[in-house]
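Novice: Protein sequences, first through last, are from chains X and Y. The letter at position 152 of the first sequence is residue 152 when you use the numbering used here, and the numbering goes up by one with no holes. The letter at position 41 of the second sequence is residue 41 when you use the numbering used here, and the numbering goes up by one with no holes.
No lab work stands behind these hints: they were computed from the structure. Certain hints may be false.
[To be verified] Here are the computed lysine-lysine pairs in the DSS-like style, where the Cα-Cα straight-line distance is at most 27 Å: (1) X:Lys86 - X:Lys3; (2) X:Lys192 - X:Lys226; (3) X:Lys202 - Y:Lys23; (4) X:Lys151 - Y:Lys18; (5) X:Lys202 - X:Lys192; (6) X:Lys151 - X:Lys3; (7) Y:Lys23 - X:Lys151; (8) X:Lys189 - X:Lys147; (9) X:Lys12 - Y:Lys18; (10) X:Lys223 - X:Lys86; (11) X:Lys202 - X:Lys223; (12) X:Lys226 - Y:Lys18; (13) X:Lys226 - X:Lys9; (14) X:Lys223 - Y:Lys23; (15) Y:Lys23 - X:Lys147; (16) X:Lys189 - X:Lys151; (17) X:Lys147 - Y:Lys18; (18) X:Lys159 - X:Lys192; (19) X:Lys202 - X:Lys151; (20) X:Lys151 - X:Lys9; (21) X:Lys12 - X:Lys189; (22) X:Lys159 - X:Lys226; (23) X:Lys186 - X:Lys147; (24) Y:Lys18 - X:Lys202; (25) Y:Lys18 - X:Lys9; (26) Y:Lys18 - X:Lys86; (27) X:Lys147 - X:Lys192; (28) X:Lys226 - X:Lys86; (29) X:Lys151 - X:Lys86; (30) X:Lys226 - X:Lys151; (31) X:Lys223 - X:Lys9; (32) X:Lys147 - X:Lys202; (33) Y:Lys23 - X:Lys186; (34) X:Lys202 - X:Lys186; (35) X:Lys159 - X:Lys12; (36) X:Lys202 - X:Lys189.
[Stated by the list, open to error] Rough simulated footprint, nothing fancy, chain X against chain Y, three-plus residues with beta-carbon under 8 Å: (37) 36-48; (38) 52-61.
By construction, the Cβ of each residue, glycine as well, lies at the ideal position given by its N, Cα and C atoms.
Below, each chain spelled out in residue letters.
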Amino acid sequence: MRKVFARPKSMKDMPMHYCPGCTHGIIHRLIAEAIDELNVFEQTIVVAPVGCSVFCCDYFDCDAYGASHGRAPAVATGVKRVLPDKIVFTYQGDGDLAAIGTSEIVHAAARGEKITVIFVNNAIYAMTGGQMAPTTLLGQVTTTTPKGREKELNGSPIKMSEMLSVLDGSAYIARVSVHNPAGIFKAKKAIKTAFETQISGKGFSMVEVLSTCPTNWGMTPLKALKWLEENMIPYYPLGEFKTPTEVV
Amino acid sequence: MPRVVFREERCKGCELCKEFCPKGIIEMSGIINIMGFHPATVIRMEECTGCAICARMCPDLVIEVEREDKAIG
Ligand SMILES: Cc1ncc(C[n+]2csc(CCOP(=O)(O)OP(=O)(O)O)c2C)c(N)n1
Ligand code: SF4
């Protein structure tokens, strides 16, 4: 008998603080599996965000920085430029990356910083109690949009992957989802490709992962996966928006 | 024969493994674990194929899978 599935070695053996069924945990594991498979565990540095994943550096068994809200790409830029042999990645929510940190992410991508960004889009500000994020869907009820997000009042949700993929500096941009086993398989593949893009020095890489927040969406974990599939995927299409061969 | 091992004390009872097990052999246990959740447990281990789908859906690394053949993807 041998183990065919066990905790990846770049993840610490400790319980995670996420709510039951929250897919942050799945995304953490996929990152750790990719790091293990690429054999870069010793060189990897994570930059943690502000949001529910603020303590993600407690779970990844690598060196870490904690950035202030939205600033992870700027911190990662500094780390990667000073230590170009390290593999540097940020882990950011949609409030962190697409609201307060919009400037940092856009310019890091535009400069073609050789970092990897794992962007967890759960369509809400989760840690602070479920306020509207730039990625909240039209009609979606949050604590600050009690009647549902309205286009007239709040504008339409921002598609970050599409937006960043038109910048010359970005090399690999993909959107994936972890709502079922097939999605998880593809998500892992994209995360690995993003790290490979960084390792081969091709430029900026980002994987947007559609994720659930059962607690603030007010749903069971299973219902949340279904809601993601039926509501988020139609607005946020999955796929690779840019691959390194397209880099000019 | 393949075997799945659940660390019941780490389970938050989210039921994702139960929903996605192709054999339908995972149930929520009647006991309450140290965190106050009903942990997932396998009711008919002899039907387990070792596909590890439960473990891939688990957000909390509760599940380990053992099999006789080589590792899967
Ligand atoms: C400068 C600053 N402004 C506001 C906050 C409050 N705050 C903490 S987390 C958060 C939103 C996080 O949402 P997101 O990035 O989507 O992550 P999630 O919690 O959904 O995983 C906000 C606004 C803060 N910590 N710092
Ligand atoms: S509040 Fe939402 S995003 Fe945060 S840990 Fe709970 S389920 Fe996950």
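Novice: Work down the list of hints and note, for each, if the structure agrees.
Specialist: Hints, verified against the model:
1. At roughly 30 Å between alpha-carbon atoms, lysine 86 of chain X and lysine 3 of chain X are farther apart than 27 Å, so this suggested pair is violated.
2. For the hint pairing lysine 192 of chain X with lysine 226 of chain X, the CA-to-CA distance comes to about 26 Å; that is within 27 Å, so the pair holds.
3. Between lysine 202 of chain X and lysine 23 of chain Y the alpha-carbon distance is near 43 Å, which puts this suggested pair outside the 27 Å criterion.
4. Of the supplied pair hints, the one linking lysine 151 of chain X and lysine 18 of chain Y is violated, its CA atoms being roughly 38 Å apart against a limit of 27 Å.
5. A C-alpha spacing of about 14 Å is found between lysine 202 of chain X and lysine 192 of chain X, which places the hinted pair at or below 27 Å, so the restraint holds.
6. Taking the CA atoms of lysine 151 of chain X and lysine 3 of chain X, the gap is about 51 Å. The hint is violated against a cut of 27 Å.
7. With a C-alpha separation of about 44 Å, the suggested pairing of lysine 23 of chain Y with lysine 151 of chain X is violated against the 27 Å cut-off.
8. At most 27 Å may separate the alpha-carbon atoms for a hinted pair to count; lysine 189 of chain X and lysine 147 of chain X exceed this at roughly 38 Å.
9. Proximity of lysine 12 of chain X to lysine 18 of chain Y is assessed by CA-CA distance (about 25 Å); at most 27 Å being required, the pair is judged to hold.
10. As the CA atoms of lysine 223 of chain X and lysine 86 of chain X are separated by approximately 40 Å, the hinted pair breaks the 27 Å bound.
11. Straight-line distance between C-alpha atoms of lysine 202 of chain X and lysine 223 of chain X comes to about 39 Å, which puts the hinted pair past the 27 Å bound.
12. For the hint linking lysine 226 of chain X to lysine 18 of chain Y, the alpha-carbon distance of about 15 Å falls within 27 Å, and the restraint holds.
13. Only pairs whose Cα atoms come within 27 Å are accepted, and lysine 226 of chain X paired with lysine 9 of chain X is rejected, the gap being roughly 31 Å.
14. A threshold of 27 Å between alpha carbons decides the hint, and for lysine 223 of chain X with lysine 23 of chain Y the separation of about 21 Å falls inside it, so the pair holds.
15. A hinted pair counts as satisfied when its Cα atoms are at most 27 Å apart, and lysine 23 of chain Y with lysine 147 of chain X does not qualify at roughly 41 Å.
16. Under the criterion of a C-alpha separation no larger than 27 Å, the hint pairing lysine 189 of chain X with lysine 151 of chain X is inconsistent with the structure, at around 35 Å.
17. Simply put, lysine 147 of chain X and lysine 18 of chain Y have alpha-carbon atoms about 34 Å apart, too far for the 27 Å limit, and the pair is violated.
18. Pair hint lysine 159 of chain X plus lysine 192 of chain X holds up; C-alpha atoms about 22 Å apart against a cutoff of 27 Å.
19. About 38 Å separates the Cα atoms of lysine 202 of chain X and lysine 151 of chain X, which puts this hinted pair outside 27 Å; it is violated.
20. Among the hinted pairs, lysine 151 of chain X with lysine 9 of chain X is inconsistent with the structure: their alpha-carbon atoms are about 45 Å apart, more than 27 Å.
21. Using a Cα cut-off of 27 Å, the hinted pair lysine 12 of chain X and lysine 189 of chain X holds, with the two alpha carbons roughly 22 Å apart.
22. Using a Cα cut-off of 27 Å, the hinted pair lysine 159 of chain X and lysine 226 of chain X holds, with the two alpha carbons roughly 21 Å apart.
23. A hinted pair counts as satisfied when its Cα atoms are at most 27 Å apart, and lysine 186 of chain X with lysine 147 of chain X does not qualify at roughly 35 Å.
24. At most 27 Å may separate the alpha-carbon atoms for a hinted pair to count; lysine 18 of chain Y and lysine 202 of chain X exceed this at roughly 41 Å.
25. With a CA separation close to 26 Å, the supplied pair lysine 18 of chain Y and lysine 9 of chain X stays within the 27 Å bound.
26. Note on lysine 18 of chain Y and lysine 86 of chain X: the hinted pairing is violated, with a Cα-Cα distance of about 39 Å set against a maximum of 27 Å.
27. Between the alpha carbons of lysine 147 of chain X and lysine 192 of chain X the distance comes to roughly 40 Å, so the proposed pair goes past 27 Å and is violated.
28. Restraint check: the Cα-Cα separation between lysine 226 of chain X and lysine 86 of chain X comes to about 38 Å, which exceeds 27 Å; the hinted pair is violated.
29. Using a Cα cut-off of 27 Å, the hinted pair lysine 151 of chain X and lysine 86 of chain X is violated, with the two alpha carbons roughly 43 Å apart.
30. Annotation: proposed proximity of lysine 226 of chain X to lysine 151 of chain X holds, straight-line Cα distance about 24 Å (limit 27 Å).
31. For the given pair, lysine 223 of chain X sits about 31 Å from lysine 9 of chain X by alpha-carbon distance, which is inconsistent with the 27 Å threshold.
32. Taking the CA atoms of lysine 147 of chain X and lysine 202 of chain X, the gap is about 45 Å. The hint is violated against a cut of 27 Å.
33. Between lysine 23 of chain Y and lysine 186 of chain X, the direct Cα distance comes to roughly 23 Å. Compliance with the 27 Å bound is thereby established for this hinted pair.
34. For the given pair, lysine 202 of chain X sits about 21 Å from lysine 186 of chain X by alpha-carbon distance, which is consistent with the 27 Å threshold.
35. Between lysine 159 of chain X and lysine 12 of chain X the CA atoms are separated by roughly 33 Å; this puts the pair beyond 27 Å, and the hint is violated.
36. Simply put, lysine 202 of chain X and lysine 189 of chain X have alpha-carbon atoms about 17 Å apart, close enough for the 27 Å limit, and the pair holds.
37. Judged by the Cβ-Cβ criterion of 8 Å, the segment 36-48 of chain Y is not covered by chain X as claimed, because only 1 of its residues qualify and three are needed.
38. Look at the segment 52-61 of chain Y against chain X: 9 of its residues bring a Cβ nearer than 8 Å to a Cβ of that chain, three or more, so the hint holds.
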